[in-house]
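With the hints as extra help, turn the sequences into a complete structure.
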Amino acid sequence: AQSVTQLGSHVSVSEGALVLLRCNYSSSVPPYLFWYVQYPNQGLQLLLKYTSAATLVKGINGFEAEFKKSETSFHLTKPSAHMSDAAEYFCAVSEGGTALIFGKGTTLSVSS
Amino acid sequence: GAGVSQSPSNKVTEKGKDVELRCDPISGHTALYWYRQSLGQGLEFLIYFQGNSAPDKSGLPSDRFSAERTGGSVSTLTIQRTQQEDSAVYLCASSLGGGLNEQYFGPGTRLTVT
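For the protein sequence lines, the chains are F and P, in the order given.
Quick note on numbering: this note's numbering labels position 9 of the first sequence as 9, and the sequence is numbered without any gaps.
Quick note on numbering: this note's numbering labels position 70 of the second sequence as 182, and the sequence is numbered without any gaps.
Any given hint might turn out to be false.
Calculated lysine-lysine pairs in the DSBU-like style (CA-CA distance at most 35 angstroms, straight line) [unchecked claim]:
hint, chain 1, residue 1, chain 2, residue 2
1, F, K49, P, K127
2, F, K58, P, K169
3, F, K68, F, K104
4, F, K58, F, K104
5, F, K58, F, K69
6, P, K169, P, K127
7, P, K169, F, K49
8, F, K104, F, K69
9, F, K104, P, K123
10, F, K68, P, K129
11, P, K169, F, K104
12, F, K104, P, K129
13, F, K49, F, K104
14, F, K49, F, K69
15, P, K127, F, K104
16, P, K169, F, K69
17, P, K123, P, K169
18, F, K49, F, K68
19, P, K129, P, K169
Hints listed in this document are in silico derivations from the structure and should not be mistaken for laboratory results.
So, in structure tokens, the structure goes:
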């Protein structure tokens, strides 16, 4: 079965600092990978997705993620954090291109 | 345009009662998903509808949980004889055609079982 592990349930950065949220996956077939963001009291919003095209995927709000098969990773990065980036981030893998299997989530805090 | 809507936004019920949660997907979206978000378990897939195909019920945690989708649009998730461990936020999502199409999530229904 496919699974996702997010390392670090809580990450804190200063405004303007690099954001790095880690995600490792387990899959016996080429995976489809996603990052979602959830702002307080709001629904999930898709940031970006990897579907076996380019390994470096660019998403909304300046985020990007790189698929590394050798490391079974799909880490999310942003060069410069903004206060508005504070939210919970979920990595997910698609099982057969249908239901999403989510990681436990990482809460990002941004301080001024 | 209108996004995915869910009702009620909050529901408090007593242990043992049945509850119904409603999801209105985005118009024209043929795929509909239910997920559950709880503190202990994170986000879990429950059930998936795609067009007229038989639903994928592989994520339903017990036979107390069921869901239907009428006319390929509105869906209702029913939990019978609720237990305290059913307390969670129930999220609905829809997508255009399923597969790798983006899933658009609703705001969720927060269920509290007392």
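Exercise for the section: Given the hint that K127 (chain P) pairs with K104 (chain F), test it: the Cα-Cα distance must not exceed 35 angstroms. Expected result: 27 angstroms, holds
Exercise for the section: Decide if the proposed pair is consistent with the structure: K49 (chain F) and K69 (chain F), CA atoms, cutoff 35 angstroms inclusive. Expected result: 15 angstroms, holds
Problem - Proposed proximity, K104 (chain F) with K49 (chain F) (alpha carbon, max 35 angstroms) - result: Distance ~18 angstroms between K49 (chain F) and K104 (chain F) Cα, so the pair holds.
Problem - Distance restraint between K49 (chain F) and K127 (chain P), which requires alpha-carbon spacing of 35 angstroms or less - result: Roughly 40 angstroms between the alpha carbons, so the hint for K49 (chain F) and K127 (chain P) is violated.
Exercise for the section: Compare the distance between the alpha carbons of K58 (chain F) and K104 (chain F) with 35 angstroms, and conclude whether the hinted pair is satisfied. Expected result: 23 angstroms, holds
Handout entry: Pairwise hint evaluation, K69 (chain F) against K169 (chain P), where the allowed Cα distance is 35 angstroms at most
Key = Since the Cα atoms of K169 (chain P) and K69 (chain F) sit roughly 30 angstroms apart, the hinted pair holds (cutoff 35 angstroms).
Practice task
Given the hint that K49 (chain F) pairs with K68 (chain F), test it: the Cα-Cα distance must not exceed 35 angstroms.
Solution key: 14 angstroms, holds
Practice task
Quickly compare the C-alpha distance for K68 (chain F) and K104 (chain F) to 35 angstroms and report which way the hint goes.
Solution key: Roughly 21 angstroms separates the two Cα atoms, so the pair holds.
Practice task
Quickly compare the C-alpha distance for K123 (chain P) and K169 (chain P) to 35 angstroms and report which way the hint goes.
Solution key: 23 angstroms, holds
Practice task
Please work out if K129 (chain P) and K169 (chain P) have their alpha carbons no farther apart than 35 angstroms.
Solution key: Roughly 22 angstroms between the alpha carbons, so the hint for K129 (chain P) and K169 (chain P) holds.
Practice task
Please work out if K58 (chain F) and K69 (chain F) have their alpha carbons no farther apart than 35 angstroms.
Solution key: The hint holds at about 17 angstroms.
Handout entry: Restraint check for K104 (chain F) with K129 (chain P), where alpha carbons must lie at most 35 angstroms apart
Key = 29 angstroms, holds
In the structure shown, a violation is registered for the earlier hints numbered 1, 10, in ascending order.
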